[in-house]
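A.B. asks: So you can see what is in the structure, the chains are spelled out below.
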Amino acid sequence: MRTVKIDSHAPVIISMAHGIGAPCVPVVEAGDYVRTGQLIADSDAFVSAPVYSSVTGKVIEERNVLDINGNLTKALVIDSEQKQYLCSKIAPPVINTREEFIKAVRASGLVGLGGAGFPTHAKLNYDREKYKVDTLVVNASECEPYITTDYREIMENSEDIIAGIKLILEKCGISRAVIGIERNMPSAVRLMRERVQSEQNITVKALPTYYPQGAEKVLVHNTTRRIVKEKQLPYSAGCIILNVTSVASIARYMETGIPFISRRITIDGNIVNKPANFMVPIGITLGEIMKKADLRLQPDRIIFGGPMMGKSVYDLETPIGKTTGAVLFFKDMPTDRATACIRCGKCLRACSMNLMPTEFEKSYEMRDIKRLRKLRVDLCMECGSCSYICPAKRNLTERNKLAKDLLRDN
Amino acid sequence: MKLIVEPSPHIKSNNSTDKIMLRVLIALVPALVMAVYIFGVRALTLSIVCVGSCIIFESLFRRYIRKDTNIDLSPAVTGLLLAFCLPVTLPYYMAIIGCFIAIVVVKQLFGGLGQNFANPAIVARIVLVLSFTSEMTYWVKPFWHRDDIEIDAVSSATQAVDGITAATPLMLEAGEQAPDLWNLFMGYHGGSLGETSEFALLIGFVFLVATRVVRTVTPVAFIGTVALGAFIAGADVGLHVLSGGLVLGAVFMATDYATTPVSLTGKFVFGIGCGLITLVIRFFSDMPEGVSFAILIMNILTYYIDKFTFPKPFGAVKEGDKE
Chain A
1 MRTVKIDSHA PVIISMAHGI GAPCVPVVEA GDYVRTGQLI ADSDAFVSAP VYSSVTGKVI
61 EERNVLDING NLTKALVIDS EQKQYLCSKI APPVINTREE FIKAVRASGL VGLGGAGFPT
121 HAKLNYDREK YKVDTLVVNA SECEPYITTD YREIMENSED IIAGIKLILE KCGISRAVIG
181 IERNMPSAVR LMRERVQSEQ NITVKALPTY YPQGAEKVLV HNTTRRIVKE KQLPYSAGCI
241 ILNVTSVASI ARYMETGIPF ISRRITIDGN IVNKPANFMV PIGITLGEIM KKADLRLQPD
301 RIIFGGPMMG KSVYDLETPI GKTTGAVLFF KDMPTDRATA CIRCGKCLRA CSMNLMPTEF
361 EKSYEMRDIK RLRKLRVDLC MECGSCSYIC PAKRNLTERN KLAKDLLRDN
Chain B
411 MKLIVEPSPH IKSNNSTDKI MLRVLIALVP ALVMAVYIFG VRALTLSIVC VGSCIIFESL
471 FRRYIRKDTN IDLSPAVTGL LLAFCLPVTL PYYMAIIGCF IAIVVVKQLF GGLGQNFANP
531 AIVARIVLVL SFTSEMTYWV KPFWHRDDIE IDAVSSATQA VDGITAATPL MLEAGEQAPD
591 LWNLFMGYHG GSLGETSEFA LLIGFVFLVA TRVVRTVTPV AFIGTVALGA FIAGADVGLH
651 VLSGGLVLGA VFMATDYATT PVSLTGKFVF GIGCGLITLV IRFFSDMPEG VSFAILIMNI
711 LTYYIDKFTF PKPFGAVKEG DKE
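Note that the protein sequences, when read in sequence, are chains A and B. Numbering of the first sequence is given in the numbering used here, commencing with residue 1 and proceeding in unit increments. Numbering of the second sequence is given in the numbering used here, commencing with residue 411 and proceeding in unit increments.
Because the hints were derived from the structure by calculation, they are not lab data. Warning: the hint list may mix true and false statements.
As the list claims (entries may be wrong) - Computed list of chain B residues with no C-beta within reach of chain A, every gap over 10 angstroms:
{"hint": "1", "residue": "M504"}
{"hint": "2", "residue": "S544"}
{"hint": "3", "residue": "F617"}
{"hint": "4", "residue": "L711"}
Unchecked claim - Some chain A residues close to chain B (C-beta under 7 angstroms, calculated; not the full set):
{"hint": "5", "residue": "I227"}
{"hint": "6", "residue": "K229"}
{"hint": "7", "residue": "P307"}
{"hint": "8", "residue": "M308"}
{"hint": "9", "residue": "M309"}
{"hint": "10", "residue": "Y314"}
{"hint": "11", "residue": "C341"}
{"hint": "12", "residue": "I342"}
{"hint": "13", "residue": "N354"}
{"hint": "14", "residue": "S387"}
{"hint": "15", "residue": "Y388"}
{"hint": "16", "residue": "P391"}
{"hint": "17", "residue": "A392"}
Stated by the list, open to error - Only pairs whose alpha carbons sit at most 25 angstroms apart, straight line, appear in this in silico DMTMM-like list of lysine to aspartate or glutamate:
{"hint": "18", "chain 1": "B", "residue 1": "K422", "chain 2": "A", "residue 2": "D378"}
{"hint": "19", "chain 1": "B", "residue 1": "K412", "chain 2": "A", "residue 2": "D315"}
{"hint": "20", "chain 1": "B", "residue 1": "K728", "chain 2": "A", "residue 2": "E216"}
{"hint": "21", "chain 1": "A", "residue 1": "K404", "chain 2": "B", "residue 2": "D716"}
{"hint": "22", "chain 1": "A", "residue 1": "K362", "chain 2": "B", "residue 2": "D428"}
{"hint": "23", "chain 1": "A", "residue 1": "K362", "chain 2": "B", "residue 2": "D716"}
{"hint": "24", "chain 1": "A", "residue 1": "K404", "chain 2": "A", "residue 2": "D378"}
Ideal placement from N, C-alpha and C gives every residue a C-beta, glycine not left out.
Just chain A, with the same shape it has in the complex:
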């Protein structure tokens, strides 16, 4: 189903921090009138992306909000008026060199849309002396259940994706690109294969459908057979990995100059009548989205992001950030009590990092830091597979996170 564009009829709450990267500082004040696409916050730090207003209206206030990770961040509350005007300063950037390209990507405000939200320009700005990067891996392996935003991006904007890939290859001097798509999206695989037919150095790789196929290290291995060693970035394996929608967004920004102010989110869950994809302004609140979602019942659980790694939301004022890929509404999910571990070993075989979650749990309960270190709990990427598969319903992923924190603190 095509993406439906929706507007906010209530004030938007735009956070100063989106994913990894230094929080921005507002450059507008309460009472200022801002237009859509106008710069409202920036930072001196390089690893940080500027923030633009997603609506036209008056800045109501600067407010401290708790983001879904529990961190206190500043946010600007902007009234959304009936009539929306695009900021007059918007113009396509002029780019010739790699430096100009990276600067333009920074100016677009784009952060990685796959999850962690690492500023895209910082990713492109790798040390060319140190790393010989020859492959751009385009992550179209949307492996979390329910989420279909990247699938819709492929079906609706495949030209943008190809244009983005070509731009990155050319400006960054990378020789080839691989688009990794899971096989459960055959129409997306077919469409992208058609699109790359005339391209010499872009290939499409259909990958087996499994979770977490889209995890960075997993995808690099499955598309290029290269292994990213621990504590190393994909550059060390000659790869740079970007989300498919991020790639398309780069192309759109270079063409129009409109910064990253809206994103696609999937609306789904067990009480949603018609799952849908909405194009929403960044900062739109959960309450506004709930009005548009076709819900059967009152939800008792709302998730921002996928069901495996997403976060529970408890406040209808929670705004959509640049990295929010889905809003899921659930009711009466089975909540089984945890029972004793029966050592079935299913968590081991579910772990794509080859770790032993059940042993982590036992060592964590004993606060055995030495053993946790030896078992390499630090390599856990918190994908949730072990908790999902556990027949004893133990919260293994949560323990892994706690164990990682324990190691970090010691």
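For this one, chain A is given, so just place chain B on it according to the hints.
C.D. replies: Frame of chain A; chain B shown alone:
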């Protein structure tokens, strides 16, 4: 509007410990049916006594130590497996003693479900064999129940009466005729009530593999090692594989989660070890049957096997390795 906040993941598979235990019980049903067919209704009542007393012991003990008394199906599995290791003529009180040893001594005293280091049914069987040797090695002929013999008369008999008892094929004296392979496979020979019919056990095995409860690696390594060893020693391969408790032990006991290694490599090592010890006992000791001791010894070694077969984390760099 009340919203639940929980750590991710927010969805869980619909598998559960009880479902796993239920599948094991279902997998044991064909062997139980064959046991009743071959050895009579007493096979069923003995099984019910074992299952019932295991469940009662488990809940009584949980109540006594003031732990969660909401018990699962695991004591039922233990009870049925123990019953399968017993001769059909065993007096009920002895079976109940076995259940006490399995559930209270071997399982609960070590911490309950998932914490016991040895297989409860196997230890109980070994204790019973050592305590009540004559009753535990009293094998009746298949279809003996059709000959109208009183159970009391059988179980009190200390002398083997011609026509009632039958040595298990592994205990044959020179000159005695072993049953042919078909009879061995179908289970028409003397032995413990659930171990004789490899046909029924294999149906259960296929079911367990299909429902992803067990991995094929342990049973294949175990039975393969015994078969290969028997072949090299020039013994009758069919007899070694199809008689005694090998298939029952390999499929249902060497695959017990709590007492065997967790990784696939570990499971492989465990299976080979079980096979080798079984061979050693069968060829070099006075005991006719080595499967239960083999599994017990490997249960004890599981901690060390686990330790040496930890999988290597993906992308991990060992200290000292060149990056």
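A.B. asks: Sort out which numbered hints this structure fails and list those numbers smallest first.
C.D. replies: No numbers; nothing is violated.
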